[in-house]
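J.: Chain A is fixed; fit chain B onto it per the hints.
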Amino acid sequence: MIPAGFDYHRPDSVQAALSILTEHGDEARVVAGGHSLIPMMKLRMAEVPHLIDLQAIAELKGICIDGDTVTIGAMTTQHELITDDALADFAPIMREAALQIADPQVRYMGTVGGNVANGDPGNDMPGLMQALDAVFTLVGPNGTREVAARDFFEAAYMTAREDDEILTAIRFQCPIGGQAYEKQKRKIGDYATAAAAVILTKEGGACTGASIAMTNLSDTPVQCLASAEALVGSACNGEALDKAVTEMLAVIDPGEDNRGPVEFKKHVAGVILRRAIARAWDRG
Amino acid sequence: MAKQIITLTVNGETHEVAAEPRELLVYVLRERLRITGPHVGCETSHCGACTVDMNGKSVKSCTVLAAQADGAEITTIEGLGNPDGLHVLQEMFREHHGLQCGFCTPGMITRAHRLLQENPNPTEEEVRFGMAGNLCRCTGYQNIVKSILAAADQMNGNTSSSSEAVGHSNMEAAE
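These protein sequence lines map, in sequence, to chains A and B.
Each residue of the first sequence is one higher than the one before, starting from 1 at the first, in UniProt numbering.
Each residue of the second sequence is one higher than the one before, starting from 1 at the first, in UniProt numbering.
Only chain A is shown next, with the shape it has when bound in the complex (with noise of 0.2 Å):
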């Protein structure tokens, strides 16, 4: 399995890369830790004549906190993720949810920006920068613009991003209260057969702000406003965890596959989301 021909570029600044991919159009991609690319290409699934590697660019790595802002270079890897303990302090969900990601060797390659921009449903970061309302940073030929990731996905592979475009960076605001990033696989390494990311706030013994994302379990993450809704006022327990699940089981659209048929991940759903609630609870 070796990929088709292409010619390599590696150019060491953004506006570099974005030249290469002007001047060569739909024949460029950029890549960056490459382990979802590359082995589409040595499927000849994907035929890329120039490929333009990312990994000179100083300027796409790095995490840095500004107050209670973070900003992460795209090209910052699973691996960077976990062991930054300052991250780690200002949103402990990150290093949870990157920890369940692929298996070691991967993560020292994967990146947080490939991870988002793939668009691939089967990722785990899409749906946690959704539930952490992260703003993705787009550097094309007409300047700088930034999307929402509540925004970004907009079916499978496809994304808000242009293909005359490169994401840079992602940014969220430190988040509050307990969270928990809860997923089910078949084996390391295999994509979620159902996560889930919960953000809950909580005063007095009630919850009092909620923020719910669903991993692999439609064409792109889901966001379940009405399950959030359901918490807020509540102990996250009882009639208000139910109906928490039971609106997330009205948004969610799964497919069979071989993980199982659509009951099956329905269910595995409903499992994975109270335990993620019950974790956030306690954690908050």
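Just so you know, the hints here were simulated from the structure itself, not pulled from any lab data.
In this text, a Cβ means the ideal position worked out from N, Cα and C, and glycines have one as well.
Any given hint could turn out to be false.
Unchecked claim - Negatives, chain A to chain B, calculated, CB over 12 Å:
no., residue
1, Gln15
2, Glu23
3, Lys42
4, Asn142
5, Glu203
6, Lys243
Claimed, not checked - Chain B is faced by these chain A residues, among others (derived, beta-carbon under 8 Å):
no., residue
7, Gly34
8, His35
9, Pro39
10, Asp53
11, Gln55
12, Ala58
13, Glu59
14, Pro104
15, Gln105
16, Met109
17, Ile188
18, Gly189
T.: Coordinates of chain B only, in the frame set by chain A:
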């Protein structure tokens, strides 16, 4: 799609090889440089038999393009030890029967080496979690974990092995 000159420093020795950018690092190592420690197993970045150390990170060399590796420093099993001077991990794999057919072993040991560089004194759970990207079809992993814990002990200068209790503690981390 012409060949380009790719510079790789492998086990301390710098090589300039002509390769097409699309070639996979594992094939450049095996077929152009005749460094055959990294094995081609699944070739789909699951099994870890092709694991090498690239710029201080464990990577699956079946999922790295030759061109991406241009300029990189690479360590393979050949760079860790040899028949006249085994690395302590190799010694411990022999001692604790950490291999049967041996196909996964170069990847296992290369990965374990990086794991112990980052975490010189891991728990059993941390070893299992840190080795989760390497598959073995023979051993059932027990003796691999035992070997790595024993190597950590040796590298930390402890003479008595604490690895005898392997198999009795919580294995949740590997899930």
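J.: Each hint needs a verdict: does it hold in this structure or not?
T.: Verification of the supplied hints:
{"no.": "1", "hint": "Gln15", "in the structure": "holds (21 Å)"}
{"no.": "2", "hint": "Glu23", "in the structure": "holds (17 Å)"}
{"no.": "3", "hint": "Lys42", "in the structure": "violated (8 Å)"}
{"no.": "4", "hint": "Asn142", "in the structure": "holds (29 Å)"}
{"no.": "5", "hint": "Glu203", "in the structure": "holds (33 Å)"}
{"no.": "6", "hint": "Lys243", "in the structure": "holds (30 Å)"}
{"no.": "7", "hint": "Gly34", "in the structure": "holds (7 Å)"}
{"no.": "8", "hint": "His35", "in the structure": "holds (6 Å)"}
{"no.": "9", "hint": "Pro39", "in the structure": "holds (6 Å)"}
{"no.": "10", "hint": "Asp53", "in the structure": "holds (6 Å)"}
{"no.": "11", "hint": "Gln55", "in the structure": "holds (7 Å)"}
{"no.": "12", "hint": "Ala58", "in the structure": "violated (15 Å)"}
{"no.": "13", "hint": "Glu59", "in the structure": "violated (19 Å)"}
{"no.": "14", "hint": "Pro104", "in the structure": "holds (5 Å)"}
{"no.": "15", "hint": "Gln105", "in the structure": "holds (4 Å)"}
{"no.": "16", "hint": "Met109", "in the structure": "holds (6 Å)"}
{"no.": "17", "hint": "Ile188", "in the structure": "holds (4 Å)"}
{"no.": "18", "hint": "Gly189", "in the structure": "holds (6 Å)"}
Comparing the model with each numbered hint stated earlier shows that hints 3, 12, 13 do not hold.
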